[in-house]
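What follows is the residue order along each chain.
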Amino acid sequence: GENVEQHPSTLSVQEGDSAVIKCTYSDSASNYFPWYKQELGKRPQLIIDIRSNVGEKKDQRIAVTLNKTAKHFSLHITETQPEDSAVYFCAANPGGYQKVTFGTGTKLQVIP
Amino acid sequence: EAGVVQSPRYKIIEKKQPVAFWCNPISGHNTLYWYRQNLGQGPELLIRYENEEAVDDSQLPKDRFSAERLKGVDSTLKIQPAELGDSAVYLCASSQGSAEAFFGQGTRLTVV
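Residue numbers (the working numbering), protein chains in the order written: chain A, 35 to 146; chain B, 1053 to 1164.
Same shape as in the complex, but just chain B (with noise of 0.2 Å):
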């Protein structure tokens, strides 16, 4: 069974760039959750979706970031326009209502 799969591994991007993430789930989980991890931090939930539906988006910085998952499957997460202190690792997750999550490779953002 092929696990989170995250694209790209790694962006490099100057300050004011757009950039934008994109996660392929676990086939059949319909919890999908956008991390955040620092260095040195534990990873901290920007948003989360039950299939298509963002049911927790408290923590997502809605005025530069957006977050989509159309059909309740793949999702994107764009930054527009990117800070130097948006600079982290991208986690994607997925699991199967409130089971483990299964987490993806990351993407290394790093904004000059």
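For reference, chain A alone in the conformation it holds in the complex (with noise of 0.2 Å):
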């Protein structure tokens, strides 16, 4: 089955940085990565996905960069702000109705 390796576990940033989350996936089946945020105590919410066809989608300041003969796609986020403070998670999708599999989430902390 699919795994999904996720870099960093935790993240500190000063507001207005940048930052960059990685993640790794190993069947190459997979052509849909989505990322989702979680709140502290709440759902996990879809901020941006990308599919296998595109190499790279950007909306406002979080953008996504996908390698698929590396097998790994980033989340970028430009001037971050304290609101972006959350569990940010990967997941991979081999479609077909093939199940998501999660990354193990980066926990993101903008100071102010």
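Note that these hints are calculated values from the structure, not bench results. Hints are supplied without guarantee of correctness; some may be wrong.
Okay, derived cross-link-like pairs now, DSSO-like style, lysine-lysine, Cα gap no bigger than 27 Å in a straight line [claimed, not checked]:
| # | chain 1 | residue 1 | chain 2 | residue 2 |
| --- | --- | --- | --- | --- |
| 1 | A | Lys-141 | A | Lys-56 |
| 2 | B | Lys-1114 | B | Lys-1130 |
| 3 | A | Lys-105 | A | Lys-92 |
| 4 | A | Lys-92 | A | Lys-102 |
| 5 | A | Lys-76 | B | Lys-1130 |
| 6 | A | Lys-76 | B | Lys-1063 |
| 7 | B | Lys-1068 | B | Lys-1130 |
| 8 | B | Lys-1067 | A | Lys-76 |
These two chains come separately, so use the hints to put the complex back together.
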């Protein structure tokens, strides 16, 4: 089955700096890569996703890159703000009604 | 549009007692997932339904856990008997096929 590794497990940045979270996956059949943000005590919420036919996707301060050859994808948050503080999960989905496998999460702390 | 609804939000039970969780997915979503999330970790899939059929239950501890999704809509997850190690947040999610999954608020279970 799919195995998703996520690094780092914790990340502290100063407000205004950029944050980068990296994930690797094992199943070359995976073709859908969502990123979820989970605030303390709340549900995971999708913030951005990317499909395997695209190398990069951007939405305001958030961007995701995908390297299919190396089987890794990354989340980039620019101009971080205190409200970006949360746990971020990457995930990989082989599609075809296969299950989504989550990474172990990155706790991001943005220091004002 | 209503999101994924779960109940109860919190449950405290003594070990060896039974417990049940309920999930109402987003209307029209044929795929339903039950995840367990331990503190500081990513969600782990317990079972996935396509309509009323359980298509992936390989991670479900079948000696004590059971689930059903009658009529391909609402779903219940049951634990009987509960053990201390079952304390976690149980998340339900739904999606239209293999598209993005939307999560419910979760049920925080504490077994004492």
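Results for each hint:
At most 27 Å may separate the alpha-carbon atoms for a hinted pair to count; Lys-141 (chain A) and Lys-56 (chain A) meet this at roughly 13 Å. Pair hint Lys-1114 (chain B) plus Lys-1130 (chain B) holds up; C-alpha atoms about 10 Å apart against a cutoff of 27 Å. The hinted pair formed by Lys-105 (chain A) and Lys-92 (chain A) meets the criterion: a straight-line CA distance of about 19 Å does not exceed 27 Å. Distance hint between Lys-92 (chain A) and Lys-102 (chain A) is fulfilled; the C-alpha atoms sit about 18 Å from each other, no more than 27 Å.
Of the supplied pair hints, the one linking Lys-76 (chain A) and Lys-1130 (chain B) holds, its CA atoms being roughly 22 Å apart against a limit of 27 Å. Between Lys-76 (chain A) and Lys-1063 (chain B) the CA atoms are separated by roughly 16 Å; this keeps the pair inside 27 Å, and the hint holds. Of the supplied pair hints, the one linking Lys-1068 (chain B) and Lys-1130 (chain B) holds, its CA atoms being roughly 13 Å apart against a limit of 27 Å. For the hint linking Lys-1067 (chain B) to Lys-76 (chain A), the alpha-carbon distance of about 26 Å falls within 27 Å, and the restraint holds.
Violation of the numbered hints given earlier is absent; every hint is satisfied by the structure.
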